[in-house]
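Let the hints inform the model, and build the full structure from the sequences given.
The residues making up each chain are set out below.
Number of protein chains: 4
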Amino acid sequence: MGKLWDKGYELDELIERFTVGEDYRLDRSLLAADAVGSAAHAKMLASVGILSDEEADALVGECRRIARDAAAGRVEIAPQDEDGHTVIERRLTERVGEAGKRIHTGRSRNDQILAALRLYGREAIWRLLEEAGALARSLLDRAEQSASVPMVGRTHLQPAMPSSVGVWLASYAEGLVDDMLLLTTARMLTDRSPLGAAASYGTPLPIDRSMTARLLGFASVHNNVLAVNNARGKVEAVTVDAVEHVMLTLSKLATDLILFSLPELGYVQLPEELCSGSSIMPQKRNPDGLELLRSRAATVSGWSTQIKNVIRALPSGYNRDYQDAKEPFLRAVETGILALQVARRTVSSMEIDAGRLREGFRPEVFATDAALERVRGGETFRDAYRYVATHLEELGERNPDASLADRTAVGTAGNLNLESTRNEVERIEKSEERRRSEARAALRSLMGDDLRLALL
Amino acid sequence: MGKLWDKGYELDELIERFTVGEDYRLDRSLLAADAVGSAAHAKMLASVGILSDEEADALVGECRRIARDAAAGRVEIAPQDEDGHTVIERRLTERVGEAGKRIHTGRSRNDQILAALRLYGREAIWRLLEEAGALARSLLDRAEQSASVPMVGRTHLQPAMPSSVGVWLASYAEGLVDDMLLLTTARMLTDRSPLGAAASYGTPLPIDRSMTARLLGFASVHNNVLAVNNARGKVEAVTVDAVEHVMLTLSKLATDLILFSLPELGYVQLPEELCSGSSIMPQKRNPDGLELLRSRAATVSGWSTQIKNVIRALPSGYNRDYQDAKEPFLRAVETGILALQVARRTVSSMEIDAGRLREGFRPEVFATDAALERVRGGETFRDAYRYVATHLEELGERNPDASLADRTAVGTAGNLNLESTRNEVERIEKSEERRRSEARAALRSLMGDDLRLALL
Amino acid sequence: MGKLWDKGYELDELIERFTVGEDYRLDRSLLAADAVGSAAHAKMLASVGILSDEEADALVGECRRIARDAAAGRVEIAPQDEDGHTVIERRLTERVGEAGKRIHTGRSRNDQILAALRLYGREAIWRLLEEAGALARSLLDRAEQSASVPMVGRTHLQPAMPSSVGVWLASYAEGLVDDMLLLTTARMLTDRSPLGAAASYGTPLPIDRSMTARLLGFASVHNNVLAVNNARGKVEAVTVDAVEHVMLTLSKLATDLILFSLPELGYVQLPEELCSGSSIMPQKRNPDGLELLRSRAATVSGWSTQIKNVIRALPSGYNRDYQDAKEPFLRAVETGILALQVARRTVSSMEIDAGRLREGFRPEVFATDAALERVRGGETFRDAYRYVATHLEELGERNPDASLADRTAVGTAGNLNLESTRNEVERIEKSEERRRSEARAALRSLMGDDLRLALL
Amino acid sequence: MGKLWDKGYELDELIERFTVGEDYRLDRSLLAADAVGSAAHAKMLASVGILSDEEADALVGECRRIARDAAAGRVEIAPQDEDGHTVIERRLTERVGEAGKRIHTGRSRNDQILAALRLYGREAIWRLLEEAGALARSLLDRAEQSASVPMVGRTHLQPAMPSSVGVWLASYAEGLVDDMLLLTTARMLTDRSPLGAAASYGTPLPIDRSMTARLLGFASVHNNVLAVNNARGKVEAVTVDAVEHVMLTLSKLATDLILFSLPELGYVQLPEELCSGSSIMPQKRNPDGLELLRSRAATVSGWSTQIKNVIRALPSGYNRDYQDAKEPFLRAVETGILALQVARRTVSSMEIDAGRLREGFRPEVFATDAALERVRGGETFRDAYRYVATHLEELGERNPDASLADRTAVGTAGNLNLESTRNEVERIEKSEERRRSEARAALRSLMGDDLRLALL
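Chains as they are written, first to last, in this note's numbering: chain A, 1 to 456; chain B, 1 to 456; chain C, 1 to 456; chain D, 1 to 456.
Hint data in this document are derived by calculation from the structure and do not stem from the laboratory.
Because the structure is a prediction, the values reported are computed rather than measured.
Hints may contain errors.
[What the hints assert, rightly or not] The calculated lysine-lysine pairs, modelled on DSBU-like cross-linking and capped at a C-alpha distance of 35 Å, are:
1) Lys-430(C) <-> Lys-430(D)
2) Lys-101(C) <-> Lys-3(C)
3) Lys-7(A) <-> Lys-101(A)
4) Lys-101(D) <-> Lys-3(D)
5) Lys-7(B) <-> Lys-101(B)
6) Lys-430(A) <-> Lys-7(B)
Right, dumping it as structure tokens:
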């Protein structure tokens, strides 16, 4: 079978290669989700009398098999197939017969790709939240263990003030909570059923959009059919923006760790199994994982840019350009998940060298403490500041522990308030977990088992 | 008075010009907010015994005057002032005396800029929500008025299927609701008090961070002091991302309108006072506003990119680089507000030409309808599709109204369900309005009148 | 055999997956080039006495076989191989014996990847120039054929002034000449031998960098060894910038063609074999190729962004981050070549409808002509402009041919001066062809036949 | 006087604010160049008989005065003026009379802005080349002075191999030579006369485009009139791309210097007049200039993105969107010039601490040297590598000088070959200086003195 739109002429081979591009490979990640969406559509068509119950049952049965085969990597899409949607309709027609030729009633490939992207995206966001939560907890655990280990706080990368390992690590946990909030927002925009939007303008058929939404466990129907199609790329962009913010957080952590593990500082040591070597320099143990966390942040930003470049100023209604929003979306979410895992492995296995950390405290680091002592003696801050600034040679060695103990305001070294961050992580996780369970129950009921939609 | 950090040497003139950059001009937008934050800090210092009540009262009084003068554009910042923070401390010292030299106790300029950016950003987001809500309502009103006017729905920019003006305009209202959700998330990240974070590591003073948060009407204290500083740029980026999504929506609308107002289509007509002319071609009435909506979307994306480029892989703790996140943030929110206003002016004043819209319906636009008629007669969709595709010459003139009436599924031309979109707009507006009133009440209580913080 | 840097511990599986990423797949495109670089290195090692001539001959022979196998797609790289460099050293060691263990003397994998990227990049740029030149010629041919066909010139997308198909098509040919100049500059930066730079600091061995440069047909030695490594990503970015400019040119052409092929304008018609259909709408013939030219421009910009994001503010010397500059580079040049081919296919096969083009001339299009007639009668331009602007109703039908004939200044409809553009195209092509022949002669002499280095 | 295109209606105030934007301020930088272009246009109009010689002389005289006033900052543009072109035509009409109303014959504002941007851009590129050349020479001088000072070469930021200060500093000089080549290419695309292109389609008047090109000292006429307008934004983008590459080079240098000036390394020391202080920490001397070099690289990338976002997929012919390509272009070139000056000030005044540099040599840095010694003894490199890798404890202290002396290949520490880089810098400078002198001579002849066109 050729193209779904076959009308007796052949697409130019060059144009075909250009238009199909990587799509046939990318669609493999979406095939299972596409089959799930098709099952819901078939069931709904029967409920409004467009298919018989037998036809719907046969189609749903075959969709289940396709989904299972796809999840197991057993369905091929060839470049000449054009896309995964074609593969599904063809298989349904081959194995189920005439009913297969009816599956596309009241839908377009837009419905299929939109449903697949949202089912996949929703699951991917939940995986991202899972990993981000796990990393946040790992950071909080280590912050707690090393809460009292002093560390020179830096500004402008230069030694600045007394601080602690606890402050440093917990700051990343809090950054991740912000990122989790962004992921949650992306999930909300994703968690709406596109089915029934068709080519962008619905169809003159009495289809039941609420039913397909319910069958797929979506939180709601995405209402306006043109808005559904205009949101193509946009929902993905919001998700990738959230991943980008995760990566920005991890890139900062990577920068810190690359610096802190230099022999000249030696604050942390990475286990050798996280480091790779050089082909020419026998002694090297390079922090490749950290460097790639940094560069992948750069890469994800480029993917975010790609999607937005594609959708900016596009006319409304479906345009083929949307195809090119697919790869950056899929790659970005996969990269985000893997990067969070790498960061967690690193955080949980790195060694913190309290001795080297203490060695880093030179007298100047206590300049602000010295000025504030003068303030306690009644001097104004600005005068005290000027005195210390012009008498730096008077600063002596000090014990950082005392300085840290004086920090009693909430969120400082002496009062980390890790519990509030922990609670925030759990609050988000629980609320998303509830939604996830509902969605899974719906999908299980449709597809017969707890299908892994997203091959992540 | 020179720099706050003056210690007896002069900054190289070239470096000064490079480092100050546009900051002294940009800080004018933030000066009022900075004075508000300073008032809260002073009050808190008195509550923990670092200032006397008299000192605090005098400082708060002068901060009120600075805020009022700044809001009225009466405070100058010169390049050699370095920044607005310096201007404030100097004026407090000049007019209040010794207490002025104590205002900086327990804080750094980071506290000041962070507080100012968040007070400004929070207000800016509320203004953006206001304008986005107004535009959404305007779109819904016009969609309702023209709900039954048929319009050729386009895909690939080509005529595709029967649709309506109602579907078209309401799709943008729904897109804006998505954008409003993003703005709401940005508001949540913004609405946290940074005060007390100091240079990134707090201070060894028993300051009360909850009190300053309460005085400034923030929803909470931003906990970890390093996380506060690491969020610099990031909170702005999340806000600009939301503005970018608003602009992406508007750029699509602009593209549609530029096309639809071509004489060859003539679906809409822009009033002449929205169009400008050519210096050489006497007949021209150009849709400049729409073209600039499109290009400003491009520009805002570049600003978003700038902020993320600045913060990507920066080491933790304050870095001077953050300064360059300021301009793209301020420019983007101002652009977003103005663009929403321009879009609303356009939407509310354009004329829709129902006659030209009907003329656009050629027989081919009904090809899907024809195929679905055959489906109703029992043929499978795929066979019906192929029949019509190879017999396009059989398609005749049709009445689009009938086709639209057949679209009964929710969100389609025959069942627009505008009410749900309207409700969504209101739900977001109400919930934000509640938060906004609380914040305003707090600020009024601190500053003595309903100060316009953000000069938008 | 394991990693080249194997020292008795295993890399963590997760980190390995993260660090290898897509590299093992991408390196397939670079394997032949890597083998060529290795052959040159072996020959040079013999010339300075580090290898015996027999060893060098054996290594060169095997490198030739690897290159041939790689070009034919017969060499596999598995994820656990880490990269293509490892595959080559292993195969040399397996098949040539001890000499294989000497091939890495005086080089690092950085030399290998840099040499491979430059050999590949140089060839890719030449391919891009070939395709850009062919498209420019195709545009000039069609411009010449339709030189006298009138066409409404548009500004702000609105009808503006009389123009011609010749002006329109030739403008793109000239745009491409600009792009070709950028490609030429990229070629110059690429065409320098990196060999001998090693890990970034050379080696304490008396290797002969001029010899390897000569053997590989490079125009010169890239001098400073650290500069060589710091240019990683940068040379690729310059190349991708040039491709981006090609794509920007094509995206504009695509936008014009999408608009001009709308039924409402009908200026051009695309042959059906360049259009694809819809799965739901039987009548559709969509300009997918053009839409994807537009979106690929968006995508290439994102790839350019990725590379620059990766290299911005990286410390000097090799960093693992550079790995992530590889994919955007390879993808962008492949996309550019294919896009140029698609554009040429479209330009050479589209039909221009002179009748519809003439129908587009409404009286207002001649408003400037009318004003200039008044100028010829002695009125000032500004007065004439105002008169016409307020008496548009006096404008009547006119013959566009006469107006075009009056345009006699160089570069206008009446004096296209296509020859100068044609000469410019040829000048660039000839000068690059000369360099290309020299390079090919060198490679043929090294590798024994006219090896296709770049699998494009 | 109102708008040039005034036809009896008022532009909506909101739309006016939105469309004028920052233009009236930005045009101040371009006003002198605009007046120069106008003078050339007037002279040419006389030569083809459209103006009398007296009219042309009067207009040229007034254009000279405008240019001088503008260069001295004595010409105001108000928002209601719309743009600088209007200001010029108005002043010519007010002071010269009727001839002023003829100045716009045969041109459009597009000619004016294009000519102004190219005159400005050309001069700006020459300024950039001047500063880049000066920095390169400064780097080479310091490289020469410290050629023999050993420095640990780093890869992955980790200590890697023996290297020298000479290698390090000269690598940046070579990077700048690459950037200079890009600037040269940008100059070539800029150095073409746009005059006569009018609104995009020329005019039916016998104007002499070669004459205006000659009068303005352009290297050639930009031929196709539509290509001229389609190149708007593109020529600016190519220039900003070149500036971006300059900034990428400087961002790397900044990263190195920030790291190398940490007290933990202490390789270099920045003079205090290049450092600023903290408002809270009395001891701080922060490398703000370097941090801002880093962030400005991020910012310039965003500006480059803005221009490309604006022009991507724009229809051919003038579109108002182009206005938004102006600010990022002007800002980027100004930033580039200033950044190069800051980098030079830093490079020429920093102190290099040879003692601390030597202290950085730990035994592991010599691991490759040790392996290569075993190679000299006959072992294969791979075996030697493995031996050293597993016997790192055998590495002892070594003298880096000896290792450096062994590096005899060109471009390495022992054979820096600075002369070739110096020659390259001079070659580019001389060739551009020749073109610049010619252009200046032409402008002086037109405008009566050596006008500073670009207010940089």
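Structure-based check of each hint:
1. Taking the CA atoms of Lys-430(C) and Lys-430(D), the gap is near 26 Å; set against the 35 Å cutoff, the hint holds.
2. Simply put, Lys-101(C) and Lys-3(C) have alpha-carbon atoms about 13 Å apart, close enough for the 35 Å limit, and the pair holds.
3. As the CA atoms of Lys-7(A) and Lys-101(A) are separated by approximately 16 Å, the hinted pair is consistent with the 35 Å bound.
4. For the hint pairing Lys-101(D) with Lys-3(D), the CA-to-CA distance comes to about 13 Å; that is within 35 Å, so the pair holds.
5. Our distance criterion of 35 Å between C-alpha atoms is met by Lys-7(B) and Lys-101(B), whose separation comes to about 16 Å.
6. Annotation: proposed proximity of Lys-430(A) to Lys-7(B) is violated, straight-line Cα distance about 53 Å (limit 35 Å).
In this structure, the one hint that does not hold is number 6.
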